[in-house]
Amino acid sequence: MSRILTMSRAGREALDWEMERRDDIFCLGEDIYKFGGIFGTMDGFGAKYGPERVISTPISETGFIGMAAGAAMAGMHPVIDLAYIDFIGVCYNVLLNTASKTHYMSGGAVKVPMTLLIGTGGGYNNAAQHSQCLHATVAHIPGAKVVYPSNAHDAKGMLHTALRDENFVIFLTHKGTAGVGWMGTPIKTTLSEVPDEPYTVPFGQVKVYREGSDVTITGLGMSVHESLKAADELAKEGISAEVVDLRSLVPLDRDGIFASVAKTGRLVVTDEDYLSYGVSGEVIASVVERDPTILKKPPIRVTTPDIPIPFARPMEQSILPLAGRIADAARKQMA
Amino acid sequence: MSRILTMSRAGREALDWEMERRDDIFCLGEDIYKFGGIFGTMDGFGAKYGPERVISTPISETGFIGMAAGAAMAGMHPVIDLAYIDFIGVCYNVLLNTASKTHYMSGGAVKVPMTLLIGTGGGYNNAAQHSQCLHATVAHIPGAKVVYPSNAHDAKGMLHTALRDENFVIFLTHKGTAGVGWMGTPIKTTLSEVPDEPYTVPFGQVKVYREGSDVTITGLGMSVHESLKAADELAKEGISAEVVDLRSLVPLDRDGIFASVAKTGRLVVTDEDYLSYGVSGEVIASVVERDPTILKKPPIRVTTPDIPIPFARPMEQSILPLAGRIADAARKQMA
Amino acid sequence: MALTAELRRSFYEKMALSRAFDDAMIALYWEGKLPIFSFGAGPLPGELHCSNGAEPVGAGVCGALGPDDMLTADHRPHHVAVCRGVDLDRMSAELLGKKTGLSQGKGGHMHIYDPAVNFASSGIIAEGMAPAAGMALARRLQKRPGVALAFIGEGAANQGAFHETLNIVGVMKLPFIVVVQDNEWGVSTSKAESTAVERNSDRAAGYGMAGEFVATNDPDDIYLAAERAVARARNGEGGTILELKTARLAGHFMGDQQGYIPEQMKQADPIPLYRAKLIRDGVLSEAEADAMQSAATERMAKAMQFAKDSPYPDAAEAFDHVFAGGSGAFDQHKAEARA
Amino acid sequence: MALTAELRRSFYEKMALSRAFDDAMIALYWEGKLPIFSFGAGPLPGELHCSNGAEPVGAGVCGALGPDDMLTADHRPHHVAVCRGVDLDRMSAELLGKKTGLSQGKGGHMHIYDPAVNFASSGIIAEGMAPAAGMALARRLQKRPGVALAFIGEGAANQGAFHETLNIVGVMKLPFIVVVQDNEWGVSTSKAESTAVERNSDRAAGYGMAGEFVATNDPDDIYLAAERAVARARNGEGGTILELKTARLAGHFMGDQQGYIPEQMKQADPIPLYRAKLIRDGVLSEAEADAMQSAATERMAKAMQFAKDSPYPDAAEAFDHVFAGGSGAFDQHKAEARA
Ligand SMILES: Cc1ncc(C[n+]2csc(CCOP(=O)(O)OP(=O)(O)O)c2C)c(N)n1
Ligand SMILES: Cc1ncc(C[n+]2csc(CCOP(=O)(O)OP(=O)(O)O)c2C)c(N)n1
Ligand SMILES: [Mg+2]
Ligand SMILES: [Mg+2]
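Taken in order, these protein sequences are the chains called A, B, C and D. Whatever position you read off the first sequence (first residue = 1), add 1 for the working numbering. Whatever position you read off the second sequence (first residue = 1), add 1 for the working numbering. Whatever position you read off the third sequence (first residue = 1), add 1 for the working numbering. Whatever position you read off the fourth sequence (first residue = 1), add 1 for the working numbering.
Mixed in with the good hints there might be a few duds.
[What the hints assert, rightly or not] Short, incomplete list of chain A residues facing chain D, as computed with Cβ under 7 Å:
#1 Thr63
#2 Met68
#3 Gly109
#4 Ala110
It should be emphasised that the hints constitute simulated quantities derived from the structure, not laboratory data. Cβ atoms here follow ideal geometry from the backbone N, Cα and C, with glycine treated the same way.
Full structure from sequences and hints, please.
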């Protein structure tokens with residue numbers, strides 16, 4: 002059996018299934034006992050699993066995420082809710098130097114299996130400190146896997162995969178895609194038929210959301226859905242866009258990206274993270290370091306520019322990589 | 002008059018000159034009063050300027066760098082010594098959300114002029130937590146300028162520029178280039194004729210270290226000097242390499258990079274930072290998003306791979322972007 | 002300064018004005034957000050953390066300050082800003098994202114900056130601790146007077162920045178006060194669930210500084226404690242942890258149903274209590290109190306009108322103020338991005 | 002366990018072995034680094050922070066622990082590791098970057114991991130605080146016994162992680178002990194210059210836990226205080242800040258001239274003092290003490306021989322252990338990078 006679910010409910014189903022069967026999993030985060038986490042991934046878990054396994058923490062991210070790393074070294078698999086990625090600044094050392102490097106620095110003697118759930122992104126006027134993506138900042142860390150589902154099916158399957166991984170997995174979800182009560186009506190393309198049964202979605206494989214022959218549009222998180230919107234527009238104009246969801250930043254499926262661009266010969270890279278030193282440059286470099294001659298046109302990046310996210314709606318809406326800007330870039334590719 | 006100086010002494014000269022003339026500058030950092038900072042930039046300043054202006058702090062990076070930001074908002078220009086960039090994990094929020102974004106979030110009402118000195122890099126067996134570059138991680142932050150001199154002349158001129166800038170400037174120096182006592186004999190190419198008089202070197206301009214016609218090799222910090230070594234080797238084989246020092250990551254001189262590659266048609270990008278989601282991808286993307294057809298061959302990246310820095314010499318030496326690997330990449334370009 | 006009748010009347014006026022500000026913003030907040038709630042909808046989008054119930058903190062502490070003193074506030078800044086005298090029209094315009102706002106629409110309600118009264122706020126928990134201490138250090142280096150205060154919540158007292166900053170303040174004996182606003186909650190987590198000690202003011206001993214605790218959420222008591230702390234700071238006696246029990250009457254943010262708050266933990270509204278007290282003490286008559294109330298409501302109506310009448314910034318302004326004085330290569334990138 | 006003669010003899014043996022380890026490493030460290038000093042030169046490259054003078058901490062605290070207990074140490078881990086019983090041969094090999102090292106040459110002296118005795122260390126200040134508390138939490142969830150200890154320096158007590166971790170330990174009443182090794186210095190900065198309170202153990206009141214302070218750098222006194230702390234932890238009475246005055250006789254790291262240390266602050270060597278004490282108390286004869294000393298030196302010579310005779314890892318091994326169990330796409334990247 003399967004039903005249409007939001008990413009939030011689908012993710013919750015995966016975590017619930019694993020927690021019912023495994024004693025090593027427990028949850029840590031601010032307000033999770035009463036609120037079930039920023040995306041409701043732990044909705045109702047307080048009552049179901051009790052305060053020992055669903056621990057609401059003080060506002061001490063270095064403390065509780067560092068504790069999660071220690072618990073992982075001692076045989077547990079903690080699942081942490083960090084709410085917004087804007088908060089990594091107060092706990093970055095745990096990500097950068099402890100959780101990601103201990104397995105390596107110990108020559109494989111110590112494992113750190115833990116899953117860190119983080120919400121990313123803006124578009125709802127929450128300003129410069131509550132709207133960032135920063136996925137490049139965590140994906141640049143060696144020793145951390147970084148995944149980024151954009152729909153309910155992948156949210157469930159990738160969370161099962163993360164919970165069975167022996168490593169530190171950073172599990173990103175764009176706030177606008179999760180389908181939570183405080184972000185308005187869910188985006189249609191984030192909903193999917195989700196089987197009741199558990200299943201895994203492997204890390205490191207792009208997903209071709211929509212096949213096309215003229216231009217490849219890569220995206221991740223929210224920008225996948227803006228790309229799909231743009232593709233609909235473009236279709237009306239007779240432009241066939243292929244929309245590729247990166248889904249996983251570490252490992253990154255360079256073959257999958259290249260295959261699509263080799264087919265279309267044109268590349269538009271979308272990313273809600275800041276332009277420079279991030280995912281957009283990496284995607285382009287991955288393609289051309291293999292073969293620049295497959296490109297019929299210079300690739301175009303449609304990202305948030307290198308500026309803090311402004312509060313006021315007219316400014317924020319203009320700097321996000323929304324469908325309009327993406328479609329324009331694709332048109333340029335075809336011109 | 003001018004003399005040959007190390008980067009360490011040249012930088013010290015700039016800071017000393019500005020401090021002698023300006024009351025708004027003061028220094029903060031661990032052990033700077035007695036030790037003069039990781040690169041000796043404040044060598045002897047304790048005695049000369051006293052404990053009020055040369056403040057040795059507790060091991061509380063969020064505390065004293067956050068204080069520097071507040072002092073800057075109140076009209077001072079703090080110069081902070083953070084020693085190793087590996088430590089940004091414990092103070093990253095100050096960089097990411099406070100020092101870099103306050104001017105923007107205040108609509109220009111509040112300025113945050115401060116200069117943060119940080120040492121980067123490995124190559125001396127200091128292992129995974131004391132050898133990182135991570136310059137991409139700070140360069141990805143909007144609102145922070147990030148500069149990276151690789152020789153004494155630029156160290157003095159760019160530090161003058163930083164101290165006169167009204168913004169948050171992250172001033173990076175690769176430990177191996179500074180010419181300090183604990184890193185052995187200084188690298189020749191880091192030394193330069195340095196005028197006694199103060200002068201500024203503008204941010205956002207690449208420096209063509211060595212002209213060449215066959216292949217462009219870009220570098221920053223230490224990888225500039227490894228590239229120069231490689232260029233010497235290549236010259237013997239009749240390969241004329243142009244070595245371009247990025248010097249400044251924010252702003253990045255995309256025109257300067259493109260001009261060199263347009264001339265040579267071949268690109269080798271060197272970087273001691275981790276491969277993915279960093280500077281190397283950005284440099285390649287900056288070139289091809291303008292015109293991929295100028296490339297006669299696929300560009301090649303010579304970087305530290307996406308792995309923590311190993312301790313043992315045979316392993317560390319093999320993963321760093323040293324002259325041998327760089328020369329091989331250039332040869333591939335010519336093949 | 003003594004706790005004069007005049008001063009106490011001003012406390013009431015400020016509390017009324019702060020409440021008028023929040024009530025007006027709350028009313029506007031729901032426009033466009035019903036029946037389907039969405040942070041991003043309506044004329045006042047984003048998260049909104051209101052100060053209803055915390056007005057005595059703003060009135061009492063700011064009453065003890067002078068023009069040279071410097072303040073940082075957190076994600077719940079309205080009561081401190083209003084009582085500090087931040088420009089009401091421009092603050093209102095900022096919450097609505099207008100060009101006339103204090104930050105020209107770039108900041109919103111968590112990012113209120115008004116250099117004219119040395120006020121700043123930001124949204125990362127405990128983020129204002131160290132910058133405030135740095136402002137105190139700046140004044141010492143500039144040989145200018147001024148005490149710095151960081152306003153935080155009791156939840157923020159468990160963040161590393163609290164510890165690092167207070168230790169440095171203790172070592173340097175800086176003129177610094179951390180105002181710990183204990184409203185019992187950090188979102189849905191109670192102080193007892195989050196804090197290993199009953200009173201954060203008791204942590205002062207660990208930093209070689211003074212601790213003050215006020216249990217009443219009454220601006221008179223708060224003022225007297227703040228005045229002692231400010232006097233110590235001005236006399237070079239160093240810092241104070243000033244912990245003030247207060248209230249959070251409008252939830253963590255708009256949309257918080259507060260179902261997690263048990264009956265016996267419901268909090269009292271300090272404004273009617275203070276009003277009754279002033280009338281009991283003969284400092285205020287019913288008529289005067291009513292007049293102050295309506296003056297506050299009118300003033301806020303004027304501010305809201307200014308905000309509503311103001312234009313939005315142009316989209317392209319998003320590229321301004323990234324760097325002071327601009328930056329050659331960035332301007333170019335900016336131009337490209339604009340194109 | 003009582004402070005038996007046997008136990009005290011074992012303290013002396015452990016202290017002698019720890020000292021032998023450091024002295025041997027110091028001797029080797031200078032090979033290849035003279036006349037021109039360079040961190041990266043010689044058979045033992047990198048920074049080296051030795052424990053000379055801190056041996057009583059390792060001996061006394063570890064003497065009070067059982068096999069289930071878990072330890073994290075910092076950038077100065079040797080004395081704790083040796084006294085905890087970390088494999089001496091493989092630890093020596095690790096410092097030399099050999100394939101037979103505990104981390105197969107990937108960690109070096111700041112990154113000593115030996116799961117067989119629940120020992121871990123790392124190089125970022127106060128980094129071990131929270132992970133140790135998390136190990137204590139894991140044992141509680143696993144319903145297994147075990148107290149967790151984080152060994153840090155007095156300088157690390159001013160890092161945010163100290164505060165955040167101790168507050169959570171206090172709230173959860175976890176079986177956790179932070180051993181604050183007060184050797185008076187953080188690099189060149191004295192405790193008085195860096196710390197707003199005289200004793201970090203006094204900060205325990207701010208976390209609802211016990212504080213213990215030992216001023217003597219004597220393993221007997223340290224053992225007794227540690228035993229009290231461990232007993233509290235095992236009885237569910239929560240955490241302890243155990244502050245121990247100790248010594249740093251070999252500088253912050255090799256190359257530190259220590260010109261900043263005034264005569265009157267020179268520190269005594271605890272090993273001869275303890276030896277004299279044990280002889281005074283009739284627990285040890287001169288001959289036995291000498292025998293223990295030479296046994297330690299011989300054991301260390303054997304370990305150093307093992308390390309020197311061991312091969313270096315192959316360069317390509319740098320790509321192993323980035324991820325447990327490997328990772329499809331990463332393996333491919335790894336292969337590319339290897340090529
Ligand atoms: C570092 C960080 N972690 C988490 C948050 C999310 N957050 C915003 S307000 C809040 C609760 C703060 O509680 P308190 O300090 O008591 O202030 P109050 O809301 O009660 O006024 C939290 C957890 C944040 N903004 N920053
Ligand atoms: C976060 C961080 N900041 C700075 C350093 C550099 N550092 C290494 S050891 C040290 C001094 C530590 O002093 P203490 O904690 O007293 O330990 P001790 O060296 O005295 O044993 C410093 C500042 C670091 N490793 N990590
Ligand atoms: Mg609160
Ligand atoms: Mg010390």
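Checked hints:
{"no.": "1", "hint": "Thr63", "in the structure": "holds, 5 Å"}
{"no.": "2", "hint": "Met68", "in the structure": "holds, 3 Å"}
{"no.": "3", "hint": "Gly109", "in the structure": "holds, 4 Å"}
{"no.": "4", "hint": "Ala110", "in the structure": "holds, 5 Å"}
The structure agrees with every numbered hint stated previously.
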